[in-house]
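Enquirer: One-letter residues, chain by chain:
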Amino acid sequence: MLYIYCPHCGEHREEEEFHPKGQAHIARPLDPDNCTDKEWGEYLYFRKNPRGLHHELWVHAAGCRKFFNMTRDTVTYEIKEVYKIGEQPSVVADS
Amino acid sequence: MLTVKERIHDTAKPPPVRRTNRPFKSLTFSYNGQEFKGYQGDTLASAMLANGIDVIGRSFKYSRPRGIVAAGAEEPNAVMQLGATEATQVPNVRATQQELFHGLVSKSTNGWPNVDTDIMSLLGKVGGKMMPPGFYYKTFMYPQSMWDTYENLIRKAAGLGRSPLETDPDTYDKVNQHCDIMIVGAGPAGLAAAQTAARSGASVIIADEQSEFGGSLLSSKELLNGKPAGDWVAEVVAELEAADNVLVLPRSTVNGYHDHNFLTIHERRTDHIGDLAPAGQVRQRLHRVRAKWVVLATGAHERPLVFANNDVPGCMVANAVSTYINRYGVVPGKELVLMTTNDNGYQAAIDWAEAGRKVVAIVDTRQSPAGDRIDAARKLGINIITGSAVIEVQGSKRVTGVSVAPISSDGSMVSGSVQRLSVDTVASSGGWSPVIHLSCHTGSRPVWNEEIVGFLPGPTVQKQLVAGGINGSYATGKAMGEGVEAANSAIASLNLDAVSVDLPTTEEVAEGPVQTLFHIPHTKPTSAAPKQFVDYQNDVTASGIELACREGYESIEHVKRYTAMGFGTDQGKLGNINGMAIAAKTLNKSIPETGTTIFRPNYTPVTFGALVGRDCGELFDPERYTAMHKWHLENGAKFEDVGQWKRPWYFPKAGETMQEALNRECLATRESVGILDASTLGKIDIQGKDAREFLGRVYTNPWAKLAVGKCRYGLMCGEDGMVFDDGVTTCLGENHFLMTTTSGGAARVYEWLELYHQTEWPELEVYFNTVTDHWATMTISGPNSRKLLEEVCTDIDLSNEAFSFMDWKAGTVAGVPARVFRISFTGELSYEINVQANYGLQVWEKLFEHGEKYNLTPYGTETMHILRAEKGFIIAGQDTDGSVHPHDLGMSWCVSDKKPFSYIGKRGMKREDCVRENRKQLVGLKTKDPMVVIPEGSQGVFDKNAPIPMPMVGHVTSSYYSAVLGHSIAMGFVKGGLNRMGETVYYPQADGSVIEAEICSPIFLDPKGERQNV
Amino acid sequence: MSDNEVFAAVMNQLPDASIPGYSPLHHADLETLAKQGPQQGGVHLREHALLGHLVLRCNPENPEHLAGVERVLGVALPLEPLSSVTEGNVTVMWTSPDEWIVIVPGLEAFDYETKFRAEMSGHYSLVNVSGGQTLVEVSGANAVDMLKKSCPLDFNAKKFPVGKVAGTVFAKAGAVVRRTGEDRFELIIRRSFADYLWLWLQDASREYGLVIEA
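Just so you know, the protein sequences line up as chains A, B and C, in that order. Under the numbering used here, the residues of the first sequence are numbered 1 to 95, in order. Under the numbering used here, the residues of the second sequence are numbered 1 to 1014, in order. Under the numbering used here, the residues of the third sequence are numbered 1 to 214, in order.
With the rest of the complex left out, here is chain A:
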């Protein structure tokens, strides 16, 4: 059970108030009609599954119902940071 800081409510809440929504920063292509099947397939189906830092989209479903991003370590389950939609993470994996 994670303990998650909601950047909109400004405090930690129990995981049961939240829904995970998968990998963050999957932007909808601006011109879907001109995407190839491969490009559209990448957008639809291909996701990272890293061991270590992962940027995820969550929603405070039982609380303020706002979506936000979370950087989480998939090994230790540590939450490194949460940040609002439109913002970029400050904690990123070494590449």
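Everything labelled a hint here was simulated from the structure, so no lab data went into it. All C-beta atoms in this analysis are idealised placements derived from N, C-alpha and C, irrespective of residue type, glycine included. Among the clues, some could well be false.
[What the hints assert, rightly or not] No farther apart than 27 Å at their CA atoms in a straight line, the calculated lysine-lysine pairs in the DSS-like style are these:
{"id": "1", "chain 1": "C", "residue 1": "K172", "chain 2": "B", "residue 2": "K174"}
{"id": "2", "chain 1": "A", "residue 1": "K80", "chain 2": "B", "residue 2": "K920"}
{"id": "3", "chain 1": "B", "residue 1": "K920", "chain 2": "A", "residue 2": "K38"}
{"id": "4", "chain 1": "B", "residue 1": "K463", "chain 2": "C", "residue 2": "K159"}
[Claimed, not checked] Looking from chain B toward chain C, a few residues come up when the C-beta cut is under 8 Å (computed):
{"id": "5", "residue": "G280"}
{"id": "6", "residue": "N735"}
{"id": "7", "residue": "V771"}
{"id": "8", "residue": "Q842"}
[Unchecked claim] If you want the footprint, here are the derived chain B segments under chain A, 3+ residues with CB under 8 Å:
{"id": "9", "segment": "260 to 273"}
{"id": "10", "segment": "378 to 386"}
{"id": "11", "segment": "897 to 911"}
Let chain A serve as the given structure and place chains B and C on it in line with the hints.
Expert: Positioned in the frame of chain A, the structure of chains B and C alone reads:
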């Protein structure tokens, strides 16, 4: 074998370190049907020992007689079945943890048919070699079909306790807790930590699995400040109980330590009082704790040594012997031999001697031990045999004697001649193992420490601190000091002021070094020597571990699984370290190289009751009701679960079968007027100047030109082009819409809209609000619905010209302001009436007052399904399954290619696989025999004589008998179905029959749609 | 008809007084329980039925919105997350950065809606949800104990002071929880879950004794 062991102190005199003043009251309890006497303050185990009960069960695999070995949570053998009645049966309770109460009924768990004459022991006796490790894997794996039989046999024979067959009458619940500092364990370290934390003003929870706080001090004669340790314990406990920032939880086992400092505590509130909880009280409570800091002060468990026949009743862990004498006033035998690798173990022999019983010898594996306790033992005149070991025990249901022999200084071999000693009790101490279980739950890998000869908690990402025995700090003074230090370290990080605590002075005891020795050698090789048990509960022996290593299992995790070491309710509390050490030696590796297995939650067994809490019976899951639910109940509705909603399924009249009721409801609606409670439909209020644009992006059809006052049906797809919801959306005002969704899809659709608004199109000015519960919705449908509505609605012109199909109007229905929508899911003239839900029931009832002359008939979801199927209308989730796009459904009319924005689903529908020929398409199905209803889910084939496996061409999604049409109707997917009108599909059934159907239009009734437009 | 009314449909949803409203807990007959049930216990429960519940969504950074709200409600919109204000018989609760629940007397909901439409312009939404939820007050020495069985919030007075409001899970449903006193809370629960939560609240209060107030 002993008969009855008198207590060293009778009822008038409390045991040596009994700390409380409560009356030493006599109690009666039963064990395996026989009545015994015990005393208040006993555990079931101490009472059994006091009554001379040696054999408390049979071992799991070999069915050997077993006795009580330990005095606490680490007890592997005395796992009992409790309960005076069928409903109050509780399996897997450790006798060492169960407080005695008057009338307690216990049974041994293992052993069939009883512990003294056990059928399986025949197998066990000859079966030493028959049941090597991996026996179950090797023997019972094949044939797989026999597993049920094998499992039954094993369970019956070995006995793992049983669950009650009747409903547990007690109440169990859960409580969510938050605290600054959670302290696990109330021994010297935990109490010192709690005292410090409490004085800082932080919010504190301290939990201990025992009935009383004190930990090791409960059974120690040690003096604090020159007074009995119990005095200090009582002072601290009183201070903690008086502090309103501290929650004190005795009888509460911290069972799990999870992510982000989340812990679960299993509190047994009334298990010590009686078979049933007193009226109004909660029997057990699961605390779900979120702590800023956790101080683990869980102490240590003494390790027994591994030697031949070390499982014969009468063999005990040294410290348990002290505990039974000092805390419970029970000396568990008459003549003791103690084997030890360390100074601490001597205390058991000292306590034994001081209780006035005979210590035959202390056998120390070290060549020349020296220390205060050794001196004390010598002073008592105890015979100390150094450089030697107890290599074998004699006896079967009770120890009768031991073989003692000199061993080499590294403990690897017997180095001299064997002597026999006549004893009835063997205590052994191989040193102490810190109780690192909770630390391991967090994923932390333990670290081997050579100095304490044990594993310490490893590095962790949790906010975890350790103090005392868990840290290898066994001396009371040191443990208390670490408790204060840990608490202050947490306090500092909470930005509170550091607290100083006057700790009591302790007695310094000089101790010599511990010998690193786990497995006592025998004159014969391990494989030929009598069994040397490592894990009592799972019957794992030293030779079994050696065999596993020889068979190629090199990873300790594999050895564990192969031998079952550390499995089950025991979780390897006594045996794991010994097992690893033996594996390491066999593999010629060091212990750190071999590593250890990881302990998992739960630390000790938790009842299902505590895990379930109040989420049972009528509180198991929410039942959602509409405003008209009471009417449905009063009118005999049968209900169907739609998500969490209870929706009327059909309304049978007396004596009617379901089909008869459905026929009646369908005919009444088509011929006159029916009414449906449609309140469960999801309703989302949408406002903003970009609302219309937003609708155009989430629906597949156009919305730009929908005028105020008009309704439109819409299909919603995912980005993959597959249909996931549908419904009617109404334009209430230029910037104001009301969207409806399926009943089950409401929450998902709402979150979907917010997702796209918040993450993709925040620039669109639109707000969404759920109004599902605000509006009560009732649909009247049928040729007489206008006449009925006219009677209760006078301020709307209901004529077809003024109020046509797909219009909505505001007005008053039955005196209540309403929004009326002329939309239809039956194909009949229909009105959907929305009123504020606080008035839903009144309007509904008023409609019935006026409806009698029109035979107004309530119908439920099943009739709704039939009526819409007659019209070929889909139900998202029934006729769709996430793999069909609108064109597959024959709903291309609902898909726009002209909208400027590439709406959700548009691109997806054009993927290669979505545009290929011969996709499965939704069609109508007319059975050759009009009375046969194809079972939903039936798979179709084009060639009924094709060899198995037959190529399947699609399944039936909806299928009913239509009373209106007089024949069955169905919809289903058929490969290329839209181009196969008139062709035949066959539906082979499980019974060998084949149903033949013709592909047709799914619109069975009124194909031109005239009825809804009248 | 004002311009605003063209853009959004607002209607008085209440019938005349001859037709009584049935709140979501109507069938529990709390009035009888209040008279006949226990008068002493650790948890007191009272439904404030048939209040006006409005959901306001607007831009907290738009000064015109803030001024408009204050003109209508006579109180400034609480902008601090998880805060609330009560002024007379109007309560405003922050539920999201752009969303507030406004509680007004039941018969005045439409008046407030009308005033909002007259006073506010630009992009906002106002929705009457009075039929979809109800307000339940729980109080008493064991109110916190009961709440701790029901939802995972930290009710420590330092962490959850008077005036704080939070949307959260409540048993297996949801609720908006607001502290109005040391031992006093308001719960806003949805109509369709009301029966389940009523059973839950009775059950969770059982060991402390439940007193129904009307």
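Enquirer: So, against the hints stated earlier in the document, which numbers end up violated here?
Expert: The structure conflicts with hints 2, 10, although it agrees with all the remaining ones.
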